[in-house]
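Listed below, chain by chain, are the residues.
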Amino acid sequence: MTFAVALTLFPALPRDASAQGHGIDAVLGYLTITTAVAFGVMLLILLVALALHRGRDRVAHYTHGTRPRDRVAAIVAGAAVLFGIDAVAVVRSASALRSGFWRYPDGDPRAYRVEVTAQQWAWNFRYPGADGVFNTPDDVVTLNELRVPVGRPVYLQLTSKDVVHSFYLPNFRTKIDAIPGTVTRLWFEPKETGTFEIACAQHCGAWHYKMRAELTALTEDELGRWQGRAAADAALRYDAADREAHDGWPWMPAP
Amino acid sequence: MSDEDQTQKQPSLEAHQTFWRRAVFSTDHKVIGRQFLWLGLVFLAVAGTLAMLIRWQLAHPGAPVPVVGGLLFPATGGVVSPAAYTALFTMHGTIMIFFALTPILIGGFGNFCLPLLIGARDMAFPVLNMLSFWTMFVATAILTASFFTPLGPPAAGWTSYPTLSTAVGAPGVAQTLWVLAIYLNGASSVMGAVNYITTVIRFRAPGMTFFRMPLTVWELWLASILNALFVPVLAAGAVLLFFDRVFGTRFFIAGSAIKPGGDPVLYQHLFWIFGHPEVYILILPAWGIAGDLLSFFSRKPAYGYKVTVGALIAIVVLSGVVYGHHMFVTGMSPLLGEGFMVLTMLISVPSVILGVGWLGTVWRGSIRLTTPMLFALGLVTVFGLGGFTGLFLADVLSDVYLHDTFFVVGHFHLTMSAAVLLGAFAAIYFWFPKMFGRMMNEALGKLHFALTLVTVIVTFGLQLVLGYAGMQRRLVDPSAYAFLRPLMPLNRVVSQAAFVMGAAQVLFVVNFFYSLFRGPKASANPWQVGTLDWTVPSPPPHHNFDDIPRVFVGPHELGNPAVKAARGVDFQRQDEEPPA
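These protein sequence lines map, in sequence, to chains R and P. All residue numbers for the first sequence refer to the working numbering, where the first residue is 5 and numbers rise by one. All residue numbers for the second sequence refer to the working numbering, where the first residue is 618 and numbers rise by one.
No wet-lab data here; the hints were simulated from the structure. We treat Cβ as the ideally placed atom computed from N, Cα and C, and that holds for glycine. Not one of these hints is a red herring.
Beta-carbon label-pair distances, calculated as ranges:
1. Val80/R <-> Ala758/P: 48 to 54 Å
2. Leu1064/P <-> Leu56/R: 20 to 26 Å
3. Leu47/R <-> Gly927/P: 24 to 30 Å
4. Gly878/P <-> Tyr242/R: 26 to 32 Å
5. Gly927/P <-> Gly44/R: 23 to 29 Å
6. Ser99/R <-> Gly687/P: 55 to 61 Å
Given these sequences and hints, build the entire structure.
Written out as structure tokens, the structure is:
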């Protein structure tokens, strides 16, 4: 029991299954180490003062802290955080964001596109089918099950039918809100096959905690076989009169 | 400003004689301060109890709550249902922020201390001050009523994002009552803010320049400016949400799926334009109290007082332009995202300078570990831990992963809840003698401190770890996810620490009530400090000062060898001429 607790105390990130995740983990690690050092220094000074400068018989050192060396202390501490933590983190993050989170694969013909419609309390995934166009009769629709290829960018457009949800992929270190009335975008690239959890991160009602789905990353062969079966199913199930089921939209161009 | 001006502006009014005007509808800032304090403490107990229920559920999902479960949740045999859980965290957050911490620090100690600390006989607008309290009282009554509505209490989170908080996701009257309560709470805050701002500008005693004000006054004043500027933005959001709920408007309700309509994200902007300054509104008074107490109980002046004030002003200005970091995952444009990231990161610089001031103050002092001092030191420690974790959330890249996880929960509890609460306890232990004329028990106070500090760090520190491992907020049962199941033992540890924290507060309640009736009588200046509040009897007379004092020195003139040589004490009263 104690051992189990000690193990879980170690701040373990979920397994990284994405091509971009290592950049995020590196910044998280940098921030963890540098802030731990900064907090440690602060705590050390405080504890030393408490250990050595305590008691009624001591005469306090009378100063308002306005000597030049006091100014230097403030400037050094401020600069250490500004340049040692803030600037490094901002530069590294901005570059990772520009080559990752914010570099949507709009012109990339390899991008695997899926439309996601969130609802209380499930995820609907819509694939364009053979014609590559959304909101047509050959669309494949799955519930709480997202199948994507490995080694290609997966490009999602998301919206919600009811309240704000948030599409969260712990193993891919990313998330984006699904907002009614708006289409948001998210992309990531799986680097290994396997099944990973999709979570809702935004409080969306009583059964928020059950809004769980699964992402399965497949090889191109496996994906092709599934797509064949799914297309046949979709053709059988398509009902032109069922307007409720037609919740897709023409793929939005880059804004 | 001449002495005559102040005496003319602050006539010596007769004390009210009837019970109703003296104790209930009083315009005396000291009575109103105590009223806010009582109200805040009662709701602190309520919100704390809700937190215990939340922690029970996270430690033992699906197990009936022991002892009180059958009474609170009869329909489920004492088990916290998913709907009940969402109501628990919604009301816990709402009450803690708006109806416990704000009333205790700003309403309670703001009212009680501000005129005393600047040498005024009362607030600039005593009637408005009374109205502020009774508006808050009505707000609490409405919020309390929302617990007992047919469809259950409000459950859309303390942020109450549309469309979950509109009729789409929250039918029933409870959420409407929530909106009304928040609106009236805001109105009360703005009334208080206008009063505090004016009082500080107009009613400072002769000689009380801005740079002779205690840090507590500075920070209450800055918090009031933020209140006056940003609470109306929340009020605007609340009014529009009220219209959406009651009159069928569609400010925040989108058309179905991608069809046009209102914009739910607009509310998020309004909420966080207010919401980020709000965290500073909460922490500023606590910082101020800690800043003063560190100086008082290190028996030396506050280190770099003017630089500290400059850093505070920088933080206040920056706090108004960083709210976007709460919305990094709403699909914000990269340009805005990078802008908000840089601005938010910049807050760390004045914050560190503030920390240098705290450390410099205790360094080479003659530290007296009284209960108020211990809580002030606890605040510094806990805020340090919480403050540095803010950098993770300012950074868009790490925030995209950590957003809406327990990392956020741990971070804001450490900074704007635990640190604020420790500041509130410091204030209570410190000013209790002035408020009620009796001393609190030091031994019980120290035990209360030790248990509270340790459990705060374990509870909220481990929440950071849970968030780092990816656990989302607001899950009634995290074990619904396979990747969170290994974290359940850790959740239990967090809960056990929280239960001890809750139990430790009994020590405070016992100490508070025992001291209220049986504590040793307090002298005028039990802590041997020089600010104006301690120059008058404990408790102060109706008009505080028979004669408006004249101020000669700053608030932290302790340990001055010249004073020691001339008068034999190590502190210099603000209203005494310094020795030649």
